[in-house]
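Undergrad: One-letter residues, chain by chain:
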Amino acid sequence: MSTQTTRPLAARLTVGWHQAARPASLGEHHARYGPRPEAGRDLAGAVAAAGLTGRGGAGFPTGVKMRAVAARRGPAVVVVNGMESEPASEKDQALLARAPHLVLDGAVLAAHAVGAGTVHVCLDRARDQQITALMRAVGERRRARVDPVPVMVHGLPRHYVSSEETSLVRWLNGGEARPVTAPPRPSDRGVGRHPTLVDNVETLAHVALVARYGPAWFRSAGSSDAPGTFLVTAAGAVAGPGVYEIEGGTLVGDVLEMSGAVDDGFVLLGGYGGTWHPMREAAQLPLTAAGLRAAGASPGAGLVLALAPSSCGLAETTRILGYLAREGAQQCGPCRFGLPAIADDFAQLAAGRPEDGVLDRLHRRLGVIPGRGACRHPDGAVRLATSALNAFASDVRAHAAGHPCAAFRRGRTAAGLPIPRPRAEGQWR
Amino acid sequence: MAMSLRIRIDPTACTGHGVCADLLPERIELDEWGFPIIQPEVPSSLAAPARRAVRACPVLALRLQRTQKNQREGNPGTVTVTDRRHHRREPDATDGVVGNERLTALTGVVLLIGFAIEGMTLLALHRLLTLHFFLGMLLIGPVLLKIGSTGYRFARYYTGAAPYVRKGPPAPFMRLLGPFVILTSLAVLGTGVMLGVAGPGSGPWLFFHKASFVLWFGCMTLHVLTYVWRLPCILLGTPDGHGGHAEPGVARMAVSGGGTRWLLVGAALAGGLVIALLTIHLVGPWDGRLFFH
Numbered sequence: 002m003s004t005q006t007t008r009p010l011a012a013r014l015t016v017g018w019h020q021a022a023r024p025a026s027l028g029e030h031h032a033r034y035g036p037r038p039e040a041g042r043d044l045a046g047a048v049a050a051a052g053l054t055g056r057g058g059a060g061f062p063t064g065v066k067m068r069a070v071a072a073r074r075g076p077a078v079v080v081v082n083g084m085e086s087e088p089a090s091e092k093d094q095a096l097l098a099r100a101p102h103l104v105l106d107g108a109v110l111a112a113h114a115v116g117a118g119t120v121h122v123c124l125d126r127a128r129d130q131q132i133t134a135l136m137r138a139v140g141e142r143r144r145a146r147v148d149p150v151p152v153m154v155h156g157l158p159r160h161y162v163s164s165e166e167t168s169l170v171r172w173l174n175g176g177e178a179r180p181v182t183a184p185p186r187p188s189d190r191g192v193g194r195h196p197t198l199v200d201n202v203e204t205l206a207h208v209a210l211v212a213r214y215g216p217a218w219f220r221s222a223g224s225s226d227a228p229g230t231f232l233v234t235a236a237g238a239v240a241g242p243g244v245y246e247i248e249g250g251t252l253v254g255d256v257l258e259m260s261g262a263v264d265d266g267f268v269l270l271g272g273y274g275g276t277w278h279p280m281r282e283a284a285q286l287p288l289t290a291a292g293l294r295a296a297g298a299s300p301g302a303g304l305v306l307a308l309a310p311s312s313c314g315l316a317e318t319t320r321i322l323g324y325l326a327r328e329g330a331q332q333c334g335p336c337r338f339g340l341p342a343i344a345d346d347f348a349q350l351a352a353g354r355p356e357d358g359v360l361d362r363l364h365r366r367l368g369v370i371p372g373r374g375a376c377r378h379p380d381g382a383v384r385l386a387t388s389a390l391n392a393f394a395s396d397v398r399a400h401a402a403g404h405p406c407a408a409f410r411r412g413r414t415a416a417g418l419p420i421p422r423p424r425a426e427g428q429w430r
Numbered sequence: 062m063a064m065s066l067r068i069r070i071d072p073t074a075c076t077g078h079g080v081c082a083d084l085l086p087e088r089i090e091l092d093e094w095g096f097p098i099i100q101p102e103v104p105s106s107l108a109a110p111a112r113r114a115v116r117a118c119p120v121l122a123l124r125l126q127r128t129q130k131n132q133r134e135g136n137p138g139t140v141t142v143t144d145r146r147h148h149r150r151e152p153d154a155t156d157g158v159v160g161n162e163r164l165t166a167l168t169g170v171v172l173l174i175g176f177a178i179e180g181m182t183l184l185a186l187h188r189l190l191t192l193h194f195f196l197g198m199l200l201i202g203p204v205l206l207k208i209g210s211t212g213y214r215f216a217r218y219y220t221g222a223a224p225y226v227r228k229g230p231p232a233p234f235m236r237l238l239g240p241f242v243i244l245t246s247l248a249v250l251g252t253g254v255m256l257g258v259a260g261p262g263s264g265p266w267l268f269f270h271k272a273s274f275v276l277w278f279g280c281m282t283l284h285v286l287t288y289v290w291r292l293p294c295i296l297l298g299t300p301d302g303h304g305g306h307a308e309p310g311v312a313r314m315a316v317s318g319g320g321t322r323w324l325l326v327g328a329a330l331a332g333g334l335v336i337a338l339l340t341i342h343l344v345g346p347w348d349g350r351l352f353f354h
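Residue numbers (the working numbering), protein chains in the order written: chain G, 2 to 430; chain H, 62 to 354.
Keep in mind that the hints were calculated from the coordinates and are not lab data.
Do not take every clue at face value.
Stated by the list, open to error - Have a look at the derived ranges for each label pair, beta carbon to beta carbon:
| no. | chain 1 | residue 1 | chain 2 | residue 2 | range |
| --- | --- | --- | --- | --- | --- |
| 1 | G | Arg365 | H | Gly229 | 49 to 55 Å |
| 2 | G | Ala295 | H | Ser105 | 37 to 43 Å |
| 3 | H | Leu107 | G | Ala59 | 49 to 55 Å |
| 4 | H | Leu292 | G | Pro421 | 39 to 45 Å |
| 5 | H | Ala216 | G | Ile420 | 30 to 36 Å |
| 6 | G | Pro151 | H | Leu292 | 40 to 46 Å |
| 7 | H | Leu292 | G | Ala402 | 55 to 61 Å |
| 8 | G | Thr133 | H | Ile174 | 55 to 61 Å |
| 9 | H | Leu324 | G | Arg294 | 55 to 61 Å |
| 10 | H | Ala216 | G | Gly193 | 46 to 52 Å |
| 11 | H | Ala177 | G | Gly118 | 51 to 57 Å |
As the list claims (entries may be wrong) - One side only, chain G facing chain H, incomplete, derived with CB under 10 Å:
| no. | residue |
| --- | --- |
| 12 | Gly52 |
| 13 | Arg365 |
| 14 | Ile370 |
We put the beta carbon where it would ideally sit given N, CA and C, even for glycine.
Let the hints inform the model, and build the full structure from the sequences given.
TA: Put into structure tokens, the structure is as follows:
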């Protein structure tokens, strides 16, 4: 780690959020950030120099992706990923609800940089207000004639795996919002077989700022291996759940402190496909991809979820695993059959009534599932389960011996993490 | 630059038939749900069985890739070149279960149309006798082809060929009905030929022809009613609930050997045409005679 900044909170994307509880109009947006700069062809280079990484969870270098799409022959397409299907995450929704024009600026600038003639904005169909707000923002821009390319807003079916980039491309091509085996990657052959740049809304908001203020300014916040600022969502057993903008390199402990985590219990980092850690250990680590790698963790889309002290970690993991098992695309055998199987094993364990050999069976299953799906959904579920077995090792022993913890015996957990209700199956289109 | 082969799987296409694990147990095992766990690197000693495994996959979920390791840059990244050759089936298409099923179905369609027309000639047989005779002779070709393709499946199944064993026999009732379908078909065609050869007014052939027709019609009605619904699915390669697919609308299954199948059907029709042309003179003595009392 280097150049650790002392000021954990930063306001770049979140400028003016506290004054406004509604989306900034185009006029307000221009007053705040200035008009969108003329798009330069070298934007991909500037973004690469800035060290911007994807903010949807994978953390891939955005400049590299833009260059890959730009290098392909023929017209390209830009897809704005605003699906935010991670149940506890709110950062993309918060961003779109306050600064839609910053995101759209970034999308239009990226479109120019990669030679795209169309921008598609993909949103969760169930979020009516968000879709209305984005349509209004797009209409505002059309009337002001600020964009050289058409921008289209789409509402997609909501599923955990529908936010995967190949799902968006497949849906935009008239198919179902379910992941497709790559290659070909969307950057090679995506919407309408054109090279397609799929980027998270927060990533594109940062692109808009890099285009305005340059890579050096972007790097003036954050650490060298995590330049810029990051939107994170703190949820679970915290006094102030919500979205925070932090500088890259900020410690997990700082996020826990600013969001008012109540106890030094356990924290789930990275979302429902993430990892459990004792708060005391995680607090010392920077909430960055590089900083968490040694601990086998990842910030994902910036999620810091605190477990209520009165909750049972195994019970909570069981709920999440059940959700992840239901939310699979039901396309790949190892995920379709494997995730319900490990969710069942966990349920037995959590209830303190395990069949003989359930732990051995569970370990064997966790060993064979990862890496065998079209997307990383099964890998995330296995990562969560494995980390729960490690973090809650003493609980696992007690539960396996038929002695569930007091928290489980009390029944429903206190501040449970949000589990969306199951939806009608087959709604993939 | 070292060249090696890697097995790639499309997990969304795989339906867990398990043929690959039978053919390449050195590299592929099945998990408890029947889906393959693959060690992708294929040494040259296993290249042949790997190709067989890729070819045998009923849903074409497997691919072989040639991988070039760029050692000069010490780059762990690999340049992959899809080895297309292994997707194009050699002209022995019928060794694939799906290809065999499609050939049977395709021939079935030809016969369905042919026998429908043949049935219509019965309505005005005294006028259409020549057509009835000609078409009957012509259909000998496709009938033999269909017996051949189902017989092939029968033989492969009972000699224990893995893909055919996995596919399993037809449903119990159809398995029972099959021999009768074949015997009555041969009887109708055979007695028809004998009618031509023996000429009018001699022997019991007319009675046998009519009697075998009645039996054949019964068997064939059951046979057609069972399979006709599946024809579009089999021919278009869309899932029909019998192939183990999860749901409709997955991928259209492209089965190589399509050209060979059309060629076989064409050859069967051509063979039938030759028989029909060579025997058409036999209808002469029958012409104008009343034989349906």
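Undergrad: Does each hint fit the structure? Answer for all of them.
TA: Hint check:
no.: 1; hint: Arg365/G x Gly229/H: 49 to 55 Å; in the structure: violated, 30 Å
no.: 2; hint: Ala295/G x Ser105/H: 37 to 43 Å; in the structure: holds, 39 Å
no.: 3; hint: Leu107/H x Ala59/G: 49 to 55 Å; in the structure: violated, 34 Å
no.: 4; hint: Leu292/H x Pro421/G: 39 to 45 Å; in the structure: holds, 43 Å
no.: 5; hint: Ala216/H x Ile420/G: 30 to 36 Å; in the structure: violated, 55 Å
no.: 6; hint: Pro151/G x Leu292/H: 40 to 46 Å; in the structure: holds, 45 Å
no.: 7; hint: Leu292/H x Ala402/G: 55 to 61 Å; in the structure: holds, 59 Å
no.: 8; hint: Thr133/G x Ile174/H: 55 to 61 Å; in the structure: holds, 56 Å
no.: 9; hint: Leu324/H x Arg294/G: 55 to 61 Å; in the structure: holds, 58 Å
no.: 10; hint: Ala216/H x Gly193/G: 46 to 52 Å; in the structure: holds, 48 Å
no.: 11; hint: Ala177/H x Gly118/G: 51 to 57 Å; in the structure: holds, 53 Å
no.: 12; hint: Gly52; in the structure: violated, 21 Å
no.: 13; hint: Arg365; in the structure: holds, 9 Å
no.: 14; hint: Ile370; in the structure: holds, 8 Å
Of the numbered hints stated above, those contradicted by the structure are hints 1, 3, 5 and 12, listed in ascending order.
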